[in-house]
Structures are given as structure tokens and as C-alpha cells.
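S.K.: Throughout the sequence shown, residue numbering follows the working numbering, covering 1 to 699 in sequence.
Don't read these hints as lab results, they were simulated from the structure.
Heads up, some of the hints might be wrong.
What the hints assert, rightly or not - Here are the computed distance ranges between Cβ atoms for each label pair:
id	residue 1	residue 2	range
1	698	656	46 to 54 Å
2	409	578	38 to 46 Å
3	549	698	23 to 31 Å
4	698	514	31 to 39 Å
5	507	252	25 to 33 Å
Said to hold, decoys possible - EDC-like cross-link-like pairs, simulated, lysine to aspartate or glutamate; straight-line CA separation at most 16 Å:
id	residue 1	residue 2
6	351	642
7	495	506
8	590	619
9	482	538
10	482	529
For glycine and all other residues, C-beta sits at the position ideal for the given N, C-alpha and C.
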Amino acid sequence: MVADRVLRPNHTFYLIISLASSAMLATAVPWSLEPLSFAAAEQLALTSTPIPTPTPGPPPTFTGVYRNTTEGFSLVLPQGWEGQETGDRAPTLVIQNPSQTLDAEIWIFPLLDPQPAEEWLREAVAGYGEVTITRESSVQLGLDTGGYQAVFGWAAEAGLQVREHWTAIVRGTQLFLIRVVTSAAEYDRLAGAINAFASSFTLEAPAPFGASQDDSLFLAGGEILTLDPPLYRGSPAGVPGAIFSGLVRLDRELRVVPDIAGDWEVTGGGTVYTFHLRPDVLFHDGKQLTAHDFKYAWERAADPAIESPTARTYLGDILGVKEKLDGEATEITGLQVLDDLTLRVTIDAPKPYFLQKLAYPTAYVVDRNNVESGDDWTDAPNGTGPFKLKVWEKDELLVLERNEQYYGGVPELAHVVYRLFAGRPMIMYEQGEIDLVPVFTSNIERAQDPANPLSNGLEVATQFCTSYLAFNVTMPPFDDPKVRQAFALALDIDKLLAVSLKGMPDRASSIVPPDMPGHNPSLSPVPFDPSQARALLEQSRYGGAENLPVIVSFTHDDAFHWMWQEYLGVEVEAVSLPEPQDYLDRRDAKELPLEATGWCADYPDPQNFLEVLFHSESDENHFGYSNPEVDSLLEEAAVEPDHEARMALYQEIERRILDDWVAVPLWHNRSYVLVRPYVKGYELSAIGIPILQDLSIER
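Using the sequences plus the hints, can you model the full thing?
M.R.: Structure (C-alpha cells):
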């Protein structure tokens with residue numbers, strides 16, 4: 001699993017069973033409340049025509065008491081006033097009086113930093129334009145709800161006087177704004193109703209779509225690229241691992257254990273696997289699962305039209321998968337349905353890690369009727385996992401609810417709520433809005449300080465992850481190994497670890513991480529040697545830094561760029577691809593000349609690093625690296641029956657890869673996660689595995 005293009009010392013989005021990663025840091029949502037145009041103000045004051053408020057379709061109107069359980073607030077509309085939900089958060093409600101001479105809105109903003117309501121409101125009004133403030137003060141609204149209020153006016157064209165009544169309420173990382181706009185004359189007439197309306201606003205405990213804090217887990221999340229198992233390229237601990245399931249899984253000790261397959265036999269010299277499926281496995285809609293469903297799911301994953309980025313890697317050992325992916329076959333020859341509960345799988349050679357691969361989402365089962373219902377089938381996926389998808393409001397909220405028919409036992413969590421792009425996760429955690437949060441460099445000192453209450457919830461664990469510098473060996477100037485080596489020697493990684501990364505990761509000397517089978521402890525880190533680096537550039541066929549093209553770098557750490565410019569004298573152009581899919585597309589097309597990236601193991605075998613990343617035919621080889629000797633050794637190691645001999649082969653392979661300077665190990669990540677004490681059953685793992693079904697809330 002690709003860790004992240006952003007070098008981060010504790011890339012933990014898969015380990016904290018959330019969508020948390022670099023993507024979980026939400027971009028600030030600017031408030032953009034502009035004064036009404038003259039035409040709109042004229043409509044508002046002089047006619048009964050309402051100010052148009054765009055909405056996605058005609059949602060039903062409401063009157064009287066309104067309660068929003070997702071965001072956690074309620075209010076009371078004055079008699080005759082009508083409101084509509086917009087389906088957005090800015091605004092989330094639009095409300096009008098019977099004569100349509102008043103427009104009221106409820107806006108919800110994420111606060112990236114804590115800020116009092118008074119401070120926010122004053123800054124917002126100050127940036128609003130030339131206004132006259134007639135009143136401002138702290139106010140008591142509904143039960144246990146306080147806020148700050150301002151009433152101000154401004155002149156539209158032709159002397160029309162507009163009056164606005166704002167009330168700001170802060171809860172944790174959320175700011176609620178009640179905005180009422182009307183003419184000055186109408187404001188004087190409706191002041192009593194306006195004040196009563198604003199004063200009715202009451203904060204309540206959020207219970208999005210029935211999810212209560214008493215038995216539900218709340219997490220922060222970022223962008224979800226897909227829930228389709230063969231298109232997903234993250235960790236099994238992500239959302240797909242909760243909705244779907246496969247034949248086998250990894251337990252907390254990273255051993256292969258039965259999942260949908262109750263048991264299996266291995267025959268044919270280690271090439272034939274006969275899986276016996278549990279008879280009690282149901283899809284979420286109640287339909288019984290059969291072996292035909294697995295055949296359909298894997299045939300679909302290998303369909304070249306699907307363009308799965310992972311099928312070759314995780315299913316490619318099965319006879320016929322590569323041929324189907326290459327368009328040379330229409331069916332996987334190594335898949336046979338013997339009966340409704342028996343599936344036979346034949347692979348191309350005995351491979352000790354094959355079962356481990358089947359724990360990856362690519363091998364999850366899907367329901368054919370569900371998939372073929374339309375392109376948007378993942379909006380309502382019919383899986384077999386411990387949780388069902390209840391709600392998915394893109395970039396806003398995702399709610400899972402427990403599967404009462406789950407064959408592995410009904411989960412104790414009633415719901416899992418992901419707040420997507422809702423604010424800064426650490427602040428959300430401190431405000432009690434979420435139950436787990438990864439700790440990055442900006443907060444590690446506080447989290448590790450014994451005097452800080454945060455430290456009581458800190459969990460730390462080693463990850464089977466390696467961050468490394470990768471060169472595209474087909475693109476100048478990195479087609480010369482001396483140039484690659486020079487760029488590696490020009491990096492003072494120890495200083496970077498100590499200063500920028502605050503000692504959170506461990507210095508790496510190998511691609512295969514420590515504690516993982518096949519790790520070679522005898523390897524040494526690449527030294528920092530600027531003099532040797534410059535000499536290597538002189539010895540390269542480019543003859544020195546002055547002859548190199550501009551280095552286009554996809555690393556996101558300015559320290560790298562500074563070191564290369566300072567110690568090598570090269571010109572570096574830093575390129576940022578803010579959209580994750582843009583980065584993945586460029587990476588898959590082998591268009592990145594240089595990047596700092598990483599890989600986290602999907603199963604505890606060195607093949608998952610060395611063959612998956614560096615075999616010339618691997619889909620994850622984004623470097624254009626091709627070494628026939630390395631390929632041959634990788635193929636030999638894949639089928640070597642003796643464990644010790646196999647590990648020795650991988651260590652030899654790793655030495656050769658490092659000698660080619662295609663990848664330079666930088667550091668091995670550790671997980672730092674803050675966990676609320678009432679979250680029971682949570683344990684960090686070196687590899688991301690689904691554990692939501694094992695958690696409970698005990699407040």
C-alpha cells in the first residue's frame with residue numbers, strides 16, 4: 001500500500017481505522033458573505049419576491065421547531081416563517097417570512113483554530129465593508145447556548161438602507177452563524193420575531209442519522225476516492241474493510257485466519273487451494289453468499305475495463321488473471337466453483353505468501369446485482385462486512401451502521417461516524433468531537449509531555465512502513481546512477497529527523513522495515529557527504545550541476561530542495577499536485593522524475609516490498625526500474641520453500657536494489673495516536689487491519 005506522497009513521520013490513516021491522513025487536514029472554508037446587490041436589496045425591501053437562494057432541487061419546507069441531529073442544533077421559526085435545507089453547510093438552512101421581505105440563513109463553518117464567537121464575528125463584520133453597527137453584545141440563546149450578536153446596517157444603491165442581524169455561536173471546531181437580512185424599515189417592524197428566532201437557537205449533542213456518542217465511534221476523515229474494492233489502494237483498515245470482507249483476514253498478530261472461508265486445503269504441491277465457505281454469510285440485503293459471488297468479484301477485478309490498480313499485484317498469482325488483465329483471455333482459468341460453498345483456486349507456483357494477499361481489499365467479494373445496478377453502486381454498497389454504509393454525504397459525512405446479521409458476531413459499535421473535512425482533527429479531539437486522532441509533529445511534544453493530559457491517551461507502535469526517495473531511472477538526469485547517488489548523499493537526513501520531524505520516525509537503512517521477516521540489520525544508512533555528492537555529479541555523464549536540467553521534484557519538504565540547491569548547486573522546481581487522484585495518475589503513468597514517497601506493508605512478507613515495488617513487470621514499479629538479475633532473483637525467492645533460504649535471497653535482492661540507487665531509504669514510521677479511554681479494544685498494529693468490529697464504547 002502506497003503510504004503517502006507527503007513525507008510524514010507517522011502516516012497512520014490506516015492504523016487509526018479512520019480516513020485520517022494528510023488529506024484529513026481540511027482546507028480552510030472561507031466565509032464569503034457579500035453585501036446584497038442593489039437589485040437583490042430592492043427586491044427584498046420593496047417587493048414580495050424572495051432573494052433567490054440556489055438549492056439542489058426543491059427540498060420540502062418546514063415550519064415551527066427545526067432540529068438538525070447531524071450538526072446538533074435546534075431552533076424555532078416564528079409563526080408563518082418557512083425554511084428549507086440546502087444540502088450544504090454554508091448555508092445549511094434558508095428561511096423566509098410570510099411576506100418574503102426577510103431572508104434568514106444558518107451557516108456552519110469549521111474553525112481550524114479555536115476562536116471566540118465575539119472575535120470571529122467582529123472580524124467578519126469588519127471585513128464585510130462599510131457598515132454602521134447599531135448593537136453588539138454577548139447573548140444567551142437556548143438552553144446552555146451562548147453567543148455573540150451584532151446588528152448593523154449599510155446603504156445600497158439609491159439610498160436603500162439594509163439591516164443585518166448576525167449571531168455567532170462556537171462549539172469546539174464549529175462556528176454557527178445566524179444571519180438575518182432585511183430592509184431597515186422591515187427590521188424595525190420584525191425586530192421582536194427576529195430576536196425570538198435567534199434566541200431559540202440551541203446546541204444539542206450531535207447524533208448524525210441516529211448515531212449516539214454512547215455507542216458510536218466518531219472519527220475525522222478526508223477525501224474518499226472510492227469504496228470499490230478492486231479500485232481501492234489504501235489499507236484494509238479503511239472504510240471498504242468495514243463494509244466488505246474476503247476469504248481470509250489477518251489477525252492482530254498478523255497471522256492468516258479464516259474469514260468467509262471457514263477452512264481450506266492446499267494440494268497440488270502448494271498450487272491448489274480449495275476453500276470451503278461458511279454457510280451463514282449473508283450480504284447486507286439478506287441474500288446468502290455463494291462461491292459464485294467470489295468468482296464474479298475476481299473476474300470483475302481482472303477485467304481490463306475496470307482498470308484496477310491492484311488486481312495484478314494481489315490476484316496475479318492465480319492462473320489466468322494476468323492474461324485477462326492483458327486482454328488475452330476472457331475468463332480466469334484458475335478459478336473453479338465446485339459447488340455453492342466451495343471455491344477452488346489454482347496459482348502459477350507454490351508461493352508462501354499467497355493467502356496473505358487474499359486479505360487485501362482487491363480480493364473482497366461484491367454482489368453482482370449491486371455492482372450492475374449502476375455506476376453509482378458504491379453509494380449503497382451491498383457488502384458482507386461487519387458494517388453497512390448508512391449515509392455518505394460527499395466531503396461532509398460518512399456513517400456506518402452495524403450489520404446485525406454479520407457472520408462474525410454483531411459488532412458492539414452501533415455506528416461509526418466519519419466527519420469529513422470538518423476541521424483540524426487535533427482540535428476536534430481536544431474538544432471531544434472525535435475519539436481518535438493521529439499525532440503529527442506539530443503536536444507531538446504536547447502529546448508526549450507527562451504533565452499534559454493528552455499524554456494519557458497516547459498510543460505508539462512501530463509500523464511496517466518505509467519512507468524513501470525514489471528516482472525515475474528513465475528520465476534525465478536520473479538515468480545516470482551517479483546522479484541518483486549524488487542526490488542521496490546531499491541529504492542530511494539525521495538533521496531532518498531531529499529538527500523537522502522531531503525524532504518521531506526511525507532512521508532507515510533498508511527498504512524492508514525492522515521486525516519484519518527478511519529485514520537486514522547489517523545495512524547502514526546512506527551517509528551525508530556533500531563533497532562526495534558533488535564529485536559524483538562531476539563524474540556523471542552530465543559533467544556537473546551546471547549541465548543538469550531543472551530538477552522537477554514532487555517531494556513536499558522544502559528542506560530537501562534547499563539541501564540539493566545548497567550542496568549540489570542544482571536548480572529545483574517544486575511541483576505540488578493537491579488532488580490525490582492527480583498524483584496517482586501521474587505516478588501510475590511514470591511521469592514523476594523524483595519523489596519522496598513511502599510504502600506500508602499489506603502483509604508481513606518482504607515480497608510485499610521488494611517484488612511489488614521493484615520487479616520490472618509490477619504495476620507498483622513507478623520508477624521505470626528494470627534489472628533482469630533482480631527480476632530473476634525475485635522470481636526465485638517467490639517460490640523458495642525453505643524459509644531461511646528465502647529470506648537470504650530477499651536480503652541479497654535488497655542489496656542489489658540499493659546498489660542501483662533507484663530508491664534511498666529515509667526513515668521507518670511509527671504510529672502516534674491519541675485514543676479516548678472509553679474506546680475499548682483498540683490496539684495499534686504494524687499493518688493496517690480491520691478492527692472496527694472489535695471495538696466498543698464504555699463511557
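S.K.: Look at each hint and say if it fits the structure.
M.R.: Evaluation of the provided hints:
1. 698 - 656: 46 to 54 Å: Given about 52 Å between the Cβ atoms, the range holds.
2. 409 - 578: 38 to 46 Å: 42 Å, holds
3. 549 - 698: 23 to 31 Å: Since the Cβ atoms of residue 549 and residue 698 sit about 60 Å apart, the hinted range of 23 to 31 Å is violated.
4. 698 - 514: 31 to 39 Å: 34 Å, holds
5. 507 - 252: 25 to 33 Å: Holds, at about 27 Å.
6. 351 - 642: 11 Å, holds
7. 495 - 506: 12 Å, holds
8. 590 - 619: 10 Å, holds
9. 482 - 538: Holds - the C-alpha atoms of residue 538 and residue 482 are around 9 Å apart, at most 16 Å.
10. 482 - 529: Roughly 14 Å separates the two Cα atoms, so the pair holds.
Hint 3 from the earlier list is the only one contradicted by this structure; the remaining hints agree with it.
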